[in-house]
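A.B. asks: Chains as they are written, first to last, in the numbering used here: chain A, 7 to 873; chain B, 90 to 576.
Take these hints with a grain of salt, some might be off.
DSSO-like cross-link-like pairs, simulated, lysine-lysine; straight-line CA separation at most 27 Å [claimed, not checked]:
#1 B:Lys552 - A:Lys108
#2 A:Lys641 - A:Lys510
#3 A:Lys437 - A:Lys426
#4 B:Lys179 - B:Lys491
#5 B:Lys316 - A:Lys722
#6 A:Lys114 - B:Lys552
#7 B:Lys552 - A:Lys107
#8 A:Lys812 - B:Lys332
#9 B:Lys190 - A:Lys108
#10 A:Lys107 - B:Lys207
#11 A:Lys263 - B:Lys316
Pair ranges (Cβ atoms, derived) [stated by the list, open to error]:
#12 A:Gly702 - B:Asp347: 39 to 47 Å
#13 A:Asp504 - B:Ala487: 31 to 39 Å
#14 B:His396 - A:Gln436: 54 to 62 Å
#15 B:Glu317 - A:Gly847: 23 to 31 Å
#16 A:Ala90 - B:Lys145: 47 to 55 Å
#17 A:Thr461 - B:Arg489: 23 to 31 Å
#18 B:Arg489 - A:Ser525: 36 to 44 Å
#19 A:Gln436 - B:Ala487: 52 to 60 Å
Quick caveat, the hints were computed from the structure, so don't treat them as lab data.
By construction, the Cβ of each residue, glycine as well, lies at the ideal position given by its N, Cα and C atoms.
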Amino acid sequence: MFRSFLLASFVIGVSWAREVDEETDSVTAGLSFERDVRPILKAACFHCHGESGVREGGLDVRLVRLMREGGDSGAALVPGNPDASLLWEKLANDEMPEGEKKLGAEEKRVIHAWIVQGAPTARPEPLDPEEARFTLEELDHWSFRPVTRPQVPLARARGTSPVDAFVGRRLSDEGLGFGAEADRLTLIRRLSLNLTGLPPSTEDVVGWMDDARPDAYARLVDRLLASPAFGVRWGRHWLDVAGFAETDGGPGNDDPKRPHAWRYRDYVIEAFNANKPVDVFLQEQMAGDEMVASAVDVRDAYQRECLTATGFLRMAPDATQRRNTLTDRNTAVASTLEVVSTAVMGLTIGCAQCHDHKYDPIGADDYYRFRAIFDPAFPLERWQTPAQRLVDLTLPETEAAGAAIEAEAQVLQDDLDARKRALGITIQEQKLADVPEGDREATREAVHTPRGEQTERQRALLDLYPMVKPVSVITGGLLVEYDGPSYRKFQEEQASIDAVRARKPPKRLIMATRESPGSLPVSRILFRGDPESPREEVLPGELAVLRHHGAVLRIPDNDPNHASSGRRLAYARHLTNGAHPLTARVFVNRLWQHHFGRGLVATPNDFGLMGDRPSHPYLLDWLASEFVAGGWDQKRLHRQLVLSRTYRQGSRRRAELDRVDPENRLLGRMNVRRLEAEAFRDALLCVTDQLDRRLGGASVPVTEDSQGKAVLGVQKIRDGLRAGVDAAGAHGVRRSAYVEVQRRFPLNVLGTFDQPVMSPNCEARRPTTVATQALWFLNDPELIAHAERLAERVQGLGTNDRERLKRLFIRLFARPATESEWQECQGFLHNQTAHFRSVEGPRDPAVSAWAALCQVLLASNRFLYVD
Amino acid sequence: MNTPLCSRRHVLQSSSFGLGAVAASWLLNQDGLLAAEAPVARKPLLEPETHDLLPKTAASPPQAKAMISMFMLGGPSQIDLFDPKPELIKHHGKTFGGDIKFDNPAQASREIMGPAWKYRAHGQCGMELSELLPHLGKIADEITLIRSMHTGANNHLPSNYAMNTGQPVRGRPVLGSWLLRALGSETQELPAYVALTDPRGLPLIASENWHQGRLPSIYQGTMVRPKEPRIFNLEAPAHLAGKVQRAQLGLLERMNRDHLALHPGEDDLEARLASYGLAARMQEAAKEAFDISRESEATKAMYGIHHQVTKDYGTRCLIARRLVERGVRFVQILCQGQVWDHHGSILTALPQRCEEIDQPAAALVRDLKQRGLLDSTIVHWGGEMGRLPVVQFRQGLAERSKIGRDHNTYGFSMWVAGGGFKAGHVHGVTDEFSHRAVEGVVHHYDWLATVLNQFGLAHHDLKFRLGARDIRLVEQESARVVRELLS
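Here chain A stands alone, though its shape is the one from the complex (with noise of 0.2 Å):
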């Protein structure tokens, strides 16, 4: 059985311990039990022998104390004498662990030499071993350290900006420099594209290179910070991490929608618009309900704006609404808290579920104590399906104005029932009439006996004259079988009864997370994951390492006279107060990651022992302080990271720098970056003018056309089966963050270009180069209407081609044709038109050759990817 929990164990892998330089034998001089050889033991030998109150064969090897000790078998450890140690012999002959993962011939160098040092621990042990669940190394992992203020490095150059200094410095220590600054063509291109997901406009080209005021460059990162495309592109990678997805996902084959997702979308966006402050961004999404009163007011905006908020705890996958078993549950619940712990801690706490973390000091009570925070609003044995949990916020009018069109439905719809059913009676007689005389008044009888009911006798004549059904089954699914024109007059009718029903305001139903009233859950240790097996009551609580770090979280005790508990909102105020390691770290590192294509930590979702260790461990926590410092603005910290020289380099790669460097940690030069697929789409609708840049409102969906491709568009049912689909039409050049994000069936152009499913969220995209691509390239309907639209479009820029090119070329890549590359193209034009003119065609020659030289410029690596 599959369960999602496990893909997050999994994500961990089954790494050991640590590094190790073959070509030395410093590892293995000065070992310690606690250092070099309890990882080894932890991640493969705790789980039988110690964790949980599991001693297999009575041994414990969670001390060194215990194992000398030993258990069943006598002494497993004999310092200083590897050879009468019982645990080298079981690890030496693979004997143990058991299982296909062995130790690596490494991991045993180290054990044999640990041994025979004498077995040294770096400290003297403590007497109970859950105080040793974790060990000062583990605890001491850079990221549960407080967040530093470090002194920026002396610059030689002045005004030079601290991002600069930091990683100058780095480079400098290598011997190394930045690159040069990229032209001022490749500036623009880059900075739209990255603050707002939208290539420049001509004009915006235009005007920036006439620019020769100094501060040109920051004028124009104002300029677009304020744009309303920014918060469309800066809350689409926030909405990765909270794993947005407008269907249920979960086992099965079919992937029900959430139509009412999109409003948290919506608050997203307006909050990266808004500029909302960090912290309460966070604490909004945490615990919004609780930030308002319980009863809210549907006049109010605030109160609306917090309780959508709380959408992002409702975002992972749920299959409750179809199959809604405590498994279910627990699954739901699982991914949720993997949603929240990875997205704003930056910590895989969800792979303590089952047992302690592998590999972090998290313990499975850490989990369960953080799980309790969350209880209330998430109760096992009280739950609400997706369904029920819907909060109404439709403001009186409209209710008022739903209901006057819904009687009026209601009339035409009883009509419609009444004399479908008199059909019904009408054809079952004449059915009736079919059946021998002998038999019929039996089988009359027997088809108006509720199927329970039923005499063996009456379901045999039923079995012999099945065209006798009941009414309701006659008028329902098997109309159109007994009477095919009645059925399609009734559809006709039916169809326009609902687009009187589709007249109705619609409702405004928010997909929000509230604590029902009442008693809160206990909360307890679920012994190995498992929500059969509770155990040991816990309350919420910080995660140990953190407390040991000095954190301190109040909960409050449950005010009866408050409908909630309150336990959301005190954790969210204490990851944000702003002396939490994580929070503004794992933050700041994924502002970083979008704007120079990799995290200072490479592994945004983990900051964990098994994560990447920061490139710029300095800079990252002086970002962070900063950030703090600030009032968690994030526009401003856009501003230090873009204005940087750091970031306006050039991408080519040096010579230099790829023999040290090749995978550019030291920032010596800016990634080349391929589009995202939403931002491809909007490109690619922004330069043929056909993108609509409207904001907000409900998701365009996405179907499946009779080829099986996923188009724009609402399915089409006649008789029970697809009868094609309903394009989106003007909906349909919507930005891609309002299309509708399936979990199974994502838009073609976008699962085309890696668009990832959400289970349950996306920690950074992984673009892929397939064959597949380059076809869509070539013959997709789509790109070549779009290389079409732009060819006549083109007509209009200028009175010759040469005019004509230089235009298309800022619009599509910012900068105009080489001449080298006007020759190109202008034989190309030249050839084809000749080819067109010699074909018939509907269109005009000249412009079937500039559709053909559009497609290929779009389908450029200038146009897909940014320098």
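Put chain B on the given structure of chain A with help from the hints.
C.D. replies: Just chain B now, kept in the frame of chain A:
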């Protein structure tokens, strides 16, 4: 290095520490954050490596040139299909006393369940197979049945990763990608590595089944849709087909080369150039390869294409043969989700699954043989696990129709034919309850090492440089080529 080389952490570390000793020591000394880590020296690559799919010569003469893997995600029950145990029948209904590991303890029991279907000896070799696989029985003399597979990673994802990538962790390159990396492709007109998916939906973990991990992206498998159009956009619109499109491709290549000249060494830009060449040639070749209309009626009948139950799987098996015939290196035929995961309703679901695949799978082997392709093609049939000898009660003890078997990765069966594997051979033994492999154990890494060997590749030499170190498909020092399987 003692770290299994391609955990995600490893990959990232190799990048964070691939900076030369000076850089690493700067990190260590200046930050004091990494006290437990040791610097790693590396030799820099002076010339950026280039990647292509041109055919390469194997280190030693290969037996196999291609492979078709019919991957049975979910874990078919070896007890009911491949591994008869008289003891299980004898103890049916009694309590299992031995050590056992459940994936789903909540529904577990220790009630022994013998196979619900009869076994019969087949072929001259007398291979015992379940009555659920009558067609396989007819080719028993062509296959090697391995009854002693073992991964020990007791859930679908890790065990699937183990079987396909060599380690039970996410993110590593799959076998097919490694084969492309080592051997390129015999055809430049078809995707070198094809994943044929099920009309019912994508397999569990979807594209991860054919993902190249950290290898260059040209080694990724190409997913082929289960229905027409098998690959979208394979045909150019009429007004562009031919001359115009050739001119477009020429111009596009020149433009992309100009752009690449500004970014020498950008692997992704190079891969995209290559992808166009492939796409253009694919348009012609793939259409022909996927078109089974010109196959004889006898061939179609052999694959069961005339019957609704076997039509889909038969079509995909036949397409797999056509692809291999045309030089494709590696073909995966994948099931939807994890359809062999019979925790409940095994009594009804297992026969259905078998009926769908038995005839097509056997036909594939026979067809390859009669065309002289079997010797050079490894045909593999198997999943990532088998099942336990005890009952899993899906809906409580009272509901005996909803019973099944839980996961077992300690002893399970699969079969392989052609490519230099023995014919009419049974390898390995599980304990008397078909729970754990006890004799001739074949670990997933042994299996992968053996496959590589048949392609003329030594598993310890097949590696890829990633920053400071190499990754390999087979990382285990103890991995071995299982010579007993080979003819």
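A.B. asks: Is the straight-line distance between the alpha-carbon of Lys812 of chain A and that of Lys332 of chain B 27 Å or less?
C.D. replies: holds (26 Å)
A.B. asks: Would you check the hint for Lys179 of chain B and Lys491 of chain B, treating anything up to 27 Å between C-alpha atoms as holding?
C.D. replies: holds (23 Å)
A.B. asks: Measuring from beta carbon to beta carbon, are Gln436 of chain A and Ala487 of chain B in 52 to 60 Å?
C.D. replies: violated (45 Å)
A.B. asks: Measuring from beta carbon to beta carbon, are His396 of chain B and Gln436 of chain A in 54 to 62 Å?
C.D. replies: For His396 of chain B and Gln436 of chain A the Cβ distance comes to about 39 Å; the hint is violated.
A.B. asks: Indicate whether the distance between the beta carbons of Thr461 of chain A and Arg489 of chain B respects the range 23 to 31 Å.
C.D. replies: The hinted range 23 to 31 Å holds for Thr461 of chain A and Arg489 of chain B, with Cβ atoms some 28 Å apart.
A.B. asks: Please verify whether Lys190 of chain B and Lys108 of chain A have alpha carbons no more than 27 Å apart.
C.D. replies: Judged against 27 Å, a Cα distance of about 18 Å means the pair holds.
A.B. asks: Could you say whether the range 23 to 31 Å given as a hint is met by the Cβ separation of Glu317 of chain B and Gly847 of chain A?
C.D. replies: Since the Cβ atoms of Glu317 of chain B and Gly847 of chain A sit about 28 Å apart, the hinted range of 23 to 31 Å holds.
A.B. asks: Holds or violated: the 39 to 47 Å window for the beta-carbon distance between Gly702 of chain A and Asp347 of chain B?
C.D. replies: holds (41 Å)
A.B. asks: Tell me if the beta carbons of Asp504 of chain A and Ala487 of chain B are separated by a distance inside 31 to 39 Å.
C.D. replies: Violated: the Cβ-Cβ distance is about 45 Å, outside 31 to 39 Å.
A.B. asks: Between Lys316 of chain B and Lys722 of chain A, is the straight-line Cα distance small enough, at 27 Å or below?
C.D. replies: holds (22 Å)
A.B. asks: 47 to 55 Å was suggested as the range; check whether the CB atoms of Ala90 of chain A and Lys145 of chain B agree with it.
C.D. replies: holds (52 Å)
A.B. asks: Given the hint that Lys552 of chain B pairs with Lys108 of chain A, does the C-alpha gap stay at or below 27 Å?
C.D. replies: holds (22 Å)
Of the numbered hints given earlier, the model fails hints 2, 10, 13, 14 and 19; all others are met.
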